[in-house]
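This is what each chain is made of:
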Amino acid sequence: MASFARRSAEATTAVILALAARPATWRYGHELCRQLDLEPGRLYRALMRLGDLGLLEAAWEPGAPAGRPPRHRYRLSGPGRAYAARLAAGPSVPARTARAVGGIGRRPRPAGT
Amino acid sequence: MNRDQRTGLLGGLVAVGSWPIAAWLLWRAWWRQAGGRLSALDGPARLLAAATAALPADRRDWGAAMAAELALVPVRERAARWRFAAGCARAAIFPPGGTRAAVGVAGAAAVTATAAAALATGATLPAGQVFVPVFVGLLGGLATLAVARSRRAGHAGPGLAVAGLGLAGVAVCVAVLGYTWPSSPPITGSASTRRTW
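Heads up: the sequence lines are chains U and R, in that order. Per the working numbering, the first sequence runs over residues 29 to 141. Per the working numbering, the second sequence runs over residues 468 to 664.
Careful: at least some of the hints might be erroneous.
[As the list claims (entries may be wrong)] Stretches of chain R that chain U covers, calculated by requiring three or more beta carbons in the stretch to come under 8 Å of a beta carbon on chain U:
| no. | region |
| --- | --- |
| 1 | 510-520 |
| 2 | 530-541 |
[Stated by the list, open to error] Pairwise CB distance ranges, derived in the manner of DEER restraints:
| no. | chain 1 | residue 1 | chain 2 | residue 2 | range |
| --- | --- | --- | --- | --- | --- |
| 3 | R | Ala520 | U | Ala87 | 20 to 30 Å |
| 4 | R | Ala524 | U | Trp54 | 18 to 28 Å |
| 5 | U | Arg114 | R | Phe598 | 50 to 60 Å |
| 6 | U | Trp54 | R | Phe602 | 44 to 54 Å |
Treat the hints as calculated values from the structure; they're not laboratory data. By construction, the Cβ of each residue, glycine as well, lies at the ideal position given by its N, Cα and C atoms.
Using the sequences and the accompanying hints, generate a full structural model.
In structure tokens form, the structure reads like this:
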């Protein structure tokens, strides 16, 4: 069973890459949960972590219909997009930042190792 | 029943009875503020509202965001709503924050302080051998929780300093109490009676 830290790192990496796939598009929490098949607790912890690091832009949905609260939407910030590009390019993510965001940049271990 | 027994019984009643009263007062104060809003919610939404109410002010938006997403899960899908609310509640109660090392240091300091308090009071202040370690342990737990919930990723924030200051303060209090206690014995009870509280 993967450790808590590794699963958190994988969730954070998955969220960054999912947001980077459509960088200009605002995304929503429930939608990301379903797309990534992530448990909501992991998704929101990853989003909070990215927000704390300045890698995420968050805004409230404008013009929410009556009877429903406005939703929070997310996309990568400029530094977030740059980080995602480096993440996609290879393992050259600064170790300190990688640790701070929960291990982004660590390559998943091959199965069986 | 002699005087010592009556005093002990009264003290026990006060100690045991004060907790439910305090809890009831807190519940009543909280319900006055949030009860009207919560009464309109279903179970998962109540769980989420209760969990996100503990979020620090700079993270309140995340609580509202979670509630808005929960509103999209159909009410008829009760299991899905409970799963979503429980997951969000976990993130709200344990948001990402202080580094694991800082949390570990705070936790280790709390455990060490509690053990030291137990040993010290057991040897020098037998009357406080229950109260002092429990008090130090509770404070250490709260300090560790504060470090774990501190906001800035990669930094422990003020949590570690608060933990250190709190534990140092408790250590000073225990030391002062231990120094002054022998000259100020309890008013009630005979000198030969050793009471643990």
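Results of checking the hints against the structure:
| no. | hint | verdict |
| --- | --- | --- |
| 1 | 510-520 | violated (count 0) |
| 2 | 530-541 | holds (count 9) |
| 3 | R/Ala520 / U/Ala87: 20 to 30 Å | holds, 23 Å |
| 4 | R/Ala524 / U/Trp54: 18 to 28 Å | holds, 25 Å |
| 5 | U/Arg114 / R/Phe598: 50 to 60 Å | holds, 55 Å |
| 6 | U/Trp54 / R/Phe602: 44 to 54 Å | holds, 49 Å |
Checked against the numbered hints given earlier, the structure breaks only hint 1 and satisfies all the rest.
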